[in-house]
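*Asks:* What follows is each chain in one-letter form.
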Amino acid sequence: MSKKAEPQILARVSSLAKSFNHVPAVKSISFEIKRGETFGLLGPNGAGKTTTINMLATYLRPDSGDALIDGKSVNTDELEVKKIIGFVPQEIALYSDLTARENLIFFGSIYSQSKTVIQERTDELLEFVGLKDETKKRVKQFSGGMKRRLNIAAGLMNRPVFLMMDEPTVGIDPQSRENIYELIGRIKEQGTTILYTSHYMEEVEKLCDTIAIMDHGTIIASGTLGELLKLKKKTHKVYRPSGLEELFIQLTGSHLRD
Amino acid sequence: MLHAFRVFKKEMLITLRDPVALIWLLALPIFIIAITSFAFSGSYGGGKFEVTIPVINRDSGPMGQQLLDAIGQQDTLKIELKTNDQEMGLRQQVADGKTVALLILPADLTTQVSTGKQAELQLLTDTNETTQLPMVTSILGSLISTFNSITLSSRTVVQYELDTQGLSLLPQVGAIGEQASKIAQTLQQRPSMLITETPLSTTDTGYDPVAQNVPGYAIMFMLFGVMMGAEAILMEKEEGTLRRLLTTPLPRWSFLAGKLMSNFIIGFSQLVIIFAVGHLIFGLDLGSSIPGLILISIATAFAANAAGMLLASFIKTRRQLGPVSTFFILFSSALGGSWWPLFITPQWMQNIAKVTITAWAMEGYSNLLMYGKGIVDILPQVGALLFYGAVLFAIGLKKFQFKES
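In order, the protein sequence lines correspond to chains A and B.
Residue 1 is where the first sequence starts when you use UniProt numbering, and the numbers rise one by one after that.
Residue 1 is where the second sequence starts when you use UniProt numbering, and the numbers rise one by one after that.
Chain B on its own, in the form it takes in the complex (with noise of 0.2 Å):
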């Protein structure tokens, strides 16, 4: 075990000696993360960006006319109006992720605001669309809130005259604000008018792109880490270190064992290190359960060494392992979920995803992440990977040739 820890050592001090290539190996991933979150996520911001929802309304007074007047005055969100009898037909889009939301004004909206009752504004949603509904429902809510202040006002003056019987309002300013003060109260407890947002879509995935981006990005980019550690193995082989290693006392397995544990040790550290910038930076939700984040680490980078032991073990030359490193490292990442959330693939990929070390991470990172589940609820994943690791290993072992046969 001693000579296994000194050929750690080794490996440690010859892969911290260039630093470029591990810095580069963490900031590439949290440079994608960045760009794609960004991407995938209207809430950050950026560029122009416009959004068509239908509305059916059916308010036969000014009030919903002049919502959507309002609506038509911004340059985000644009409105297509609707007949009630389109009605089933612009749910069933909306379930169907077809659109984005359906917006569908009461007949009493008129009504109920002026006589101070509140209005109920429908908000049919795709909950499972996490680009453009944020941005409705934020445009929404602030149009409401306006509405609600301008109603606030009116209301208050109107409330004075009453009481005034039309006297001048100037002496009265103060008096005024108290009523005011009062109706706002009311206000904040029952606004004029409220939306109300009920989700259609068929399953709710609590899909959130940080807490896909990171994990997904940290294990591509660990798996091209690890791919480093399969690639010293065969630079030892090519340059001759290791036919040197084998003319000493070193037993063989400790020098796999220390360039393994090396291989893990880099894999696992850089899993932490994206995991913290994504929770520092992105705002990334690290779930209930971090024993249940630090053991599906340790399974992911487990698995992804024993596949780099394994290519190791095939791959007769650094030059072939280059571009057969980099395919498994692309197919693993888009079949098994890195890029995108794998519930939105057809369900015969999401079976073949299995395949991949990827998937079983990425579930196990989005139960913990996305899901609120705990340790207990990743343990399958956990235990699929380390048993993938483990037949990895036991055919890499065997088939590694220390020396030309």
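For reference, chain A alone in the conformation it holds in the complex (with noise of 0.2 Å):
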């Protein structure tokens, strides 16, 4: 079988499981992502999206089950897979004291690379982000598109084969958002795997290739728009379906969720 015709697997998670205080954030989930696709993560407040990324990320360990990346167990090469992956947090995790500059000089330096490999990087991500006329003010002098667009970067300074993205659009105005948007599509192009995770329907439509909802800690539908679509189709009484969004509320309900 050809490997376009079926993609190697880059992400394998295999039921995997957290609590807290004895309440479970994720309920014993399995999926795979395939290497150089985006994976979008949707779902409610609390649904255990942060949960799930955190557990990939190595941030968190997970109580059962496990999740190999690029075949190494978080459980057991924790540093191995630390090295391979990159991770951009929902908050604005950079040294608002120090520039654009030397946020990602630092952040590149705790991957071991030589000083001239960390002032190229940090160049070559400065301008993919359109950042580098920037270099010298200070982050806390930035606008919030260009806080993210740099907390993306710094997720960035390794070559990561994979990045986990925590809503990394939260706060931003339109334009900065569809800035991101085309950042991340350059960031795919360059064939590094995403996982991507958001309560905005529409940029879950506009990037991933591969969408799963969670729930109360658990994924109660996946697969590609299209599939899920047909899902909507033939499990719910919805006629005309018109988008992601409606099959979204039909899923997780239309109940607040703080």
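Derived by calculation from the structure, the hints in this document are not laboratory data.
Even glycine gets a Cβ: it sits at the ideal position worked out from N, Cα and C.
You may find that some hints are simply not true.
Only some residues are given here: those of chain B computed to face chain A with a beta carbon under 10 Å [to be verified]:
{"hint": "1", "residue": "L13"}
{"hint": "2", "residue": "I14"}
{"hint": "3", "residue": "R58"}
{"hint": "4", "residue": "R91"}
{"hint": "5", "residue": "L245"}
{"hint": "6", "residue": "P249"}
{"hint": "7", "residue": "S254"}
Calculated pairs, SDA-like style, for lysine to any residue (alpha carbon to alpha carbon, straight line, at most 25 Å) [what the hints assert, rightly or not]:
{"hint": "8", "chain 1": "B", "residue 1": "K316", "chain 2": "A", "residue 2": "S19"}
{"hint": "9", "chain 1": "A", "residue 1": "K34", "chain 2": "A", "residue 2": "G185"}
{"hint": "10", "chain 1": "B", "residue 1": "K237", "chain 2": "A", "residue 2": "E80"}
{"hint": "11", "chain 1": "B", "residue 1": "K398", "chain 2": "A", "residue 2": "N21"}
{"hint": "12", "chain 1": "A", "residue 1": "K188", "chain 2": "A", "residue 2": "D123"}
{"hint": "13", "chain 1": "B", "residue 1": "K403", "chain 2": "A", "residue 2": "H22"}
{"hint": "14", "chain 1": "A", "residue 1": "K132", "chain 2": "A", "residue 2": "S114"}
Hints are included, so try docking the two chains, each in its own frame, into the full complex.
*Replies:* Okay, structure coming up:
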């Protein structure tokens, strides 16, 4: 079978579970992410998206189950996993008193790369995220969109094969959001596999090849957008589906999630 | 270790980016040291000052009364005439620290001075009193000196009158000057009036306000600096940078080691700078052992850093840290002797004070700066601070939560 017909699996998640104070946040979920694809994890607040991504990023240790990233276990090969992943947290996880360049150099230095490699990668990424003319400004002087772009760049310093992005467009204006979509598209073009969590339907529709909808710690539906919409037609009494949002509401309910 | 150094470098860069906070941490103690040193030391002069001392005048001649009249003509030192039978009670008052000094004019004051002999005035003092006593001795010294000059002039004239059998003095000015010079030499060797100071206090504390205030406020503001470091750790947690770092190959111990190294360097530098300013501007005597000062400062910065680590481990948010750390610092400073010397506090307070880093550090600094002790003498305090720091570090590191539970 050709590689194109059956893409390699980069991340294989098996029965992953995590509880906090005996309250289950993620209940034995399993899914696979193909190499080079953008995988969207969609769900309302408290669905378990961030806990899942935290476990895959080795920030949290699973209570049970495992996840293999490029064949390396998050349980047993934690350091090896850390070396090949990139993580873009929901927060602007940057040092606001440092400049964009200083931030990237610091995060790059953690991967034991040479000074020259770090400098080159820093320049490359500053250009990539459109901040090469803002290198002397401190991050606290940046706009929300600039901070978000730098937040993404910091996750790319080690040229990760697997980039995890936890709601990377929260709190920014539509122009900046469009800019970030474009940026993510270019990251994907470079062959990076992306795990993307969000509760914005439009961006998941736009960016993701495969989508998993999570609620109450479990994956309640997954597949390509087309597959999910077909699923909607088959399993729910809704005529003429208008899109992912309608399916999302139908699957997760319309009650508030605070 | 290289990772820890990278975190350290980043921390130093961030700290130096906000120099205002650092400047305040240095400027405030210097400002407060200045105020308290002025306030607690009469030798620095300043506003209206008045002190009253009891005097027993045993002299039946005019000299004693003239001296008392001269004292009465100035505004600062006031006297209360007492009788011989009150002497024992007054001595006890001085010994108990209730009266700053007792002046006794001898019975033979007039006789001695008028016959060219030396009269000895007794000043019984409470040497633990550092605010008024320097003023009393300074004024009395100045008055006695004036009296000695007058005595010199009088004796010169009288002597010349005797030598020339009452002839006119005017044509003989040069000879009078020669005579005066001879008598002045004699007076220099043995002045007519001499004040003998006798300390009556039960113990000599060697108290020096600058040697108290400089280390006291340096430690207090170093604790504030260290708390900023603890806040920086909590900030990494709250702002998500710690989460990001924990998904990288950075070892956890490197994160804390880098942070703590940076906090330690800042705390230690703060002590060094404040002591340097204390020495250069306030005339602080650095004692006989600079290595001892460095050693106690290292131990103090280490222990304070450990306390910061402990707080960062038990406190969950920066909002909580503010009031808790302020309470901790003010409590340690008050109890541990940053604001006043521990020896003036009751014994039970001195015993309790040993639970604070400040008390051990102040004891070490006082030994070096006030009592002229050396490095070997402060080893118990250094040991206590290092032990204290090690215990707090161990608890802090054990309890520190890198991740949400």
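*Asks:* Take the C-alpha atoms of K132 (chain A) and S114 (chain A), compute the straight-line distance between them, and say whether it is at most 25 Å.
*Replies:* holds (21 Å)
*Asks:* Regarding the pair K237 (chain B) and E80 (chain A), is the alpha-carbon distance no greater than 25 Å?
*Replies:* It holds: about 24 Å lies between the C-alpha atoms, which stays within 25 Å.
*Asks:* Is the shortest C-beta separation between I14 (chain B) and chain A less than 10 Å?
*Replies:* holds (5 Å)
*Asks:* Checking one constraint from the list: CA of K316 (chain B) to CA of S19 (chain A), max 25 Å. Satisfied?
*Replies:* Satisfied, since the Cα-Cα distance of roughly 20 Å is no more than 25 Å.
*Asks:* For the hint on L245 (chain B), just tell me whether its beta-carbon gets within less than 10 Å of chain A.
*Replies:* holds (7 Å)
*Asks:* Against the 25 Å threshold, does the CA-CA distance of K403 (chain B) and H22 (chain A) hold or violate the hint?
*Replies:* holds (17 Å)
*Asks:* Given the hint that K398 (chain B) pairs with N21 (chain A), test it: the Cα-Cα distance must not exceed 25 Å.
*Replies:* holds (20 Å)
*Asks:* For the pair supplied as a hint, K34 (chain A) and G185 (chain A), confirm whether the alpha-carbon distance does not exceed 25 Å.
*Replies:* holds (16 Å)
*Asks:* Would the stated hint for P249 (chain B) survive a check requiring a Cβ distance to chain A of less than 10 Å?
*Replies:* holds (5 Å)
*Asks:* Against chain A, is R58 (chain B) within 10 Å by beta-carbon distance?
*Replies:* Hint on R58 (chain B): violated, closest Cβ of chain A at ~74 Å, above 10 Å.
*Asks:* Do the alpha carbons of K188 (chain A) and D123 (chain A) lie within 25 Å of each other, as the hint requires?
*Replies:* Roughly 20 Å separates the two Cα atoms, so the pair holds.
*Asks:* Should the interface hint for R91 (chain B) be scored as holding, given a Cβ-Cβ cut-off of 10 Å against chain A?
*Replies:* violated (64 Å)
Checked against the numbered hints given earlier, the structure breaks hints 3 and 4 and satisfies all the rest.
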